[in-house]
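K.L.:
All chains, full assembly: derive it from the sequences and hints.
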Amino acid sequence: MSGSHVDLQADRVAPPRPQPPLGLLAEVTHRCPLRCTYCSNPLQLDPKSVELDTETWKRVFSEAAELGVIHLHMSGGEPTARRDIVELMRHAAEVGLYTNLITSGIGVSDAQLDALIEAGCDHIQLSMQGADAAITEAVGGYRGGYDKKQAFADAVVARGVPLTLNAVIHRMNIHQVPAMIDKAVAFGAKRLEIAHTQYYGWALKNRAQLMPARADVDRTIDEVESARERLKGTLVIDAVFPDYYARYPKLCNGGWGTRTFSVTPSGKILPCHAAETITHLDFWNVRDRSLAETWYDGPAFNAYRGTGWMQEPCASCERKTVDYGGCRCQALALTGDAAATDPVCIKSPRHAELGALATMEAAVCDPGPAVYRGFRIGQETERR
Amino acid sequence: MDRPNAIADETVPALPRGVKFREDKARSRFVLLGPERIFEADAIATEILKRVDGKASFKAILTDLTQTFTADEATIRPDVEAFLTDLANKQMVSL
Numbered sequence: 001m002s003g004s005h006v007d008l009q010a011d012r013v014a015p016p017r018p019q020p021p022l023g024l025l026a027e028v029t030h031r032c033p034l035r036c037t038y039c040s041n042p043l044q045l046d047p048k049s050v051e052l053d054t055e056t057w058k059r060v061f062s063e064a065a066e067l068g069v070i071h072l073h074m075s076g077g078e079p080t081a082r083r084d085i086v087e088l089m090r091h092a093a094e095v096g097l098y099t100n101l102i103t104s105g106i107g108v109s110d111a112q113l114d115a116l117i118e119a120g121c122d123h124i125q126l127s128m129q130g131a132d133a134a135i136t137e138a139v140g141g142y143r144g145g146y147d148k149k150q151a152f153a154d155a156v157v158a159r160g161v162p163l164t165l166n167a168v169i170h171r172m173n174i175h176q177v178p179a180m181i182d183k184a185v186a187f188g189a190k191r192l193e194i195a196h197t198q199y200y201g202w203a204l205k206n207r208a209q210l211m212p213a214r215a216d217v218d219r220t221i222d223e224v225e226s227a228r229e230r231l232k233g234t235l236v237i238d239a240v241f242p243d244y245y246a247r248y249p250k251l252c253n254g255g256w257g258t259r260t261f262s263v264t265p266s267g268k269i270l271p272c273h274a275a276e277t278i279t280h281l282d283f284w285n286v287r288d289r290s291l292a293e294t295w296y297d298g299p300a301f302n303a304y305r306g307t308g309w310m311q312e313p314c315a316s317c318e319r320k321t322v323d324y325g326g327c328r329c330q331a332l333a334l335t336g337d338a339a340a341t342d343p344v345c346i347k348s349p350r351h352a353e354l355g356a357l358a359t360m361e362a363a364v365c366d367p368g369p370a371v372y373r374g375f376r377i378g379q380e381t382e383r384r
Numbered sequence: 001m002d003r004p005n006a007i008a009d010e011t012v013p014a015l016p017r018g019v020k021f022r023e024d025k026a027r028s029r030f031v032l033l034g035p036e037r038i039f040e041a042d043a044i045a046t047e048i049l050k051r052v053d054g055k056a057s058f059k060a061i062l063t064d065l066t067q068t069f070t071a072d073e074a075t076i077r078p079d080v081e082a083f084l085t086d087l088a089n090k091q092m093v094s095l
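Each protein sequence line maps, in turn, to chains A and B. Be aware that the first sequence starts at 1, since it is given in the UniProt record's numbering, and climbs by one per residue. Be aware that the second sequence starts at 1, since it is given in the UniProt record's numbering, and climbs by one per residue.
These are calculated hints, taken from the structure and not from any lab test. Small disclaimer: the values here were computed from a predicted structure and weren't measured. Each residue gets a CB set at the ideal place from its N, CA and C atoms; glycine is no exception. Hints are not guaranteed to be accurate.
Claimed, not checked - Among the chain A residues that face chain B by a calculated CB cut under 8 Å, a handful are:
#1 L25
#2 K190
#3 V217
#4 R219
#5 I237
Stated by the list, open to error - Below, a sample of chain A positions facing chain B; criterion: calculated Cβ distance under 7 Å:
#6 G68
#7 G120
#8 D122
#9 P162
P.N.:
This is the structure in structure tokens:
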């Protein structure tokens with residue numbers, strides 16, 4: 001296959017050949033016992049009937065390792081909802097990928113956990129919705145979830161596998177950031193991600209219910225800073241801050257088609273997990289194409305690679321190779337044009353509007369009920 | 001708190017569970033991997049990390065390095081200590 005993309009590139013003006021990808025986010029299923037209102041999965045979830053089969057996922061993992069992928073993030077949905085998850089894990093480990101299981105911890109039995117570890121699971125990332133049962137269960141829409149998560153965390157730590165907790169932060173739990181940091185230490189986690197909600201998929205739909213106030217965000221920045229210093233050597237804290245209040249946009253996934261990519265449950269190969277929202281792009285599928293030809297030559301990957309696609313103010317901006325114009329999905333969702341400057345950027349004509357929108361949403365005392373994630377959109381609304 | 005840089009001779013540096021040191025063939029280099037972490041090892045780091053096997057003591061690693069590269073132990077010791085301590089603070093090596 002390497003011969004074919006060299007030939008294709010000779011005939012057109014293309015950006016320099018990209019480096020191979022470092023990470024693959026494999027969304028092996030969209031099925032999940034939790035119904036988190038902040039979920040970044042698409043509103044239109046893939047049903048079980050269209051999921052890739054075992055052999056196809058194994059081929060995908062082999063191709064990923066061959067292409068140069070180092071970290072495999074086995075995610076979903078809830079990846080352990082797949083009956084073949086142990087077989088998939090074993091194969092990924094055998095082909096030399098560093099395997100990270102991203103799980104809700106719900107419904108994973110001790111026997112299944114033992115089998116996953118024996119199969120070569122290197123690291124486990126457990127989602128954390130809150131520091132207590134009330135918030136955890138209100139956000140995840142799953143009664144009894146808190147105790148199950150605690151039991152799962154204990155089981156992982158008892159087996160010596162490094163555990164990361166991933167706490168997605170928003171209006172409903174932002175007051176619990178210090179308590180969640182304490183919880184992570186009590187659980188014996190090695191790492192904690194304080195990840196402020198990024199507004200895609202279900203989170204975008206529920207933005208009015210999730211958007212925190214600026215003052216609360218600023219407070220968590222200080223809380224994380226002081227905890228980092230205090231817990232050095234005990235707990236590593238990685239933090240992602242919400243960009244609606246920022247001055248410059250985030251470098252989307254390390255740059256479009258630059259560091260990582262995703263494969264959806266039905267096999268679509270995406271530059272990032274939200275990219276399907278850019279509906280005019282042509283996404284190739286692992287059923288028809290190799291990962292290598294898609295990474296180097298897929299039209300969706302080349303659409304926003306480099307700087308050639310940029311408009312003003314990005315095209316003449318001194319930061320254009322710093323943040324590459326920010327997030328394409330966010331540009332489309334908020335301006336209607338995927339090639340526009342991400343409105344998070346202070347140079348975007350829409351920047352002031354965005355900050356005002358966030359401030360206004362956060363100021364509403366009762367934004368009404370959030371919509372729980374589910375296969376049938378809009379049918380699972382409940383009181384927050 | 002950061003740990004002091006000094007490492008005792010008998011300390012046995014090891015890679016904690018979940019940390020792997022391996023060749024990255026696609027990029028012709030060696031990497032130290034942790035969850036969400038890729039540490040690219042330069043030539044010197046690679047020589048040190050190749051000797052961190054959970055069996056060799058710090059003293060044995062130093063002796064091996066000084067013999068292999070005909071270096072003076074007193075000269076390299078602070079650098080190796082600083083390197084391993086920095087990784088230990090990031091939980092990429094246990095001391």
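K.L.:
None of the hints should be skipped; say for each whether it holds.
P.N.:
Hints versus structure:
1. Nearest Cβ of chain B to the Cβ of L25 (chain A): about 12 Å, over the 8 Å cut. The hint is violated.
2. The closest approach between the C-beta of K190 (chain A) and any C-beta of chain B is roughly 6 Å, which is under the 8 Å cut-off, so the hint is satisfied.
3. Contact between V217 (chain A) and chain B, as hinted, is not supported at the beta carbon level, the nearest pair being about 23 Å apart and thus beyond 8 Å.
4. Evaluation of the R219 (chain A) hint against chain B yields a violated restraint, the C-beta minimum of about 24 Å exceeding 8 Å.
5. Taken as an interface hint, I237 (chain A) does not check out: its beta carbon lies about 12 Å from the nearest beta carbon of chain B, beyond 8 Å.
6. At about 3 Å, the closest approach between the beta carbon of G68 (chain A) and any beta carbon in chain B falls short of 7 Å, and the interface hint on this residue holds.
7. Interface hint status for G120 (chain A): violated, as the beta-carbon distance to the closest one in chain B is roughly 11 Å, over 7 Å.
8. Annotation: D122 (chain A) was flagged as interfacial toward chain B, and the flag holds, the nearest CB pair being 5 Å apart, inside 7 Å.
9. At about 3 Å, the closest approach between the beta carbon of P162 (chain A) and any beta carbon in chain B falls short of 7 Å, and the interface hint on this residue holds.
In summary, the numbered hints that this structure violates are 1, 3, 4, 5, 7.
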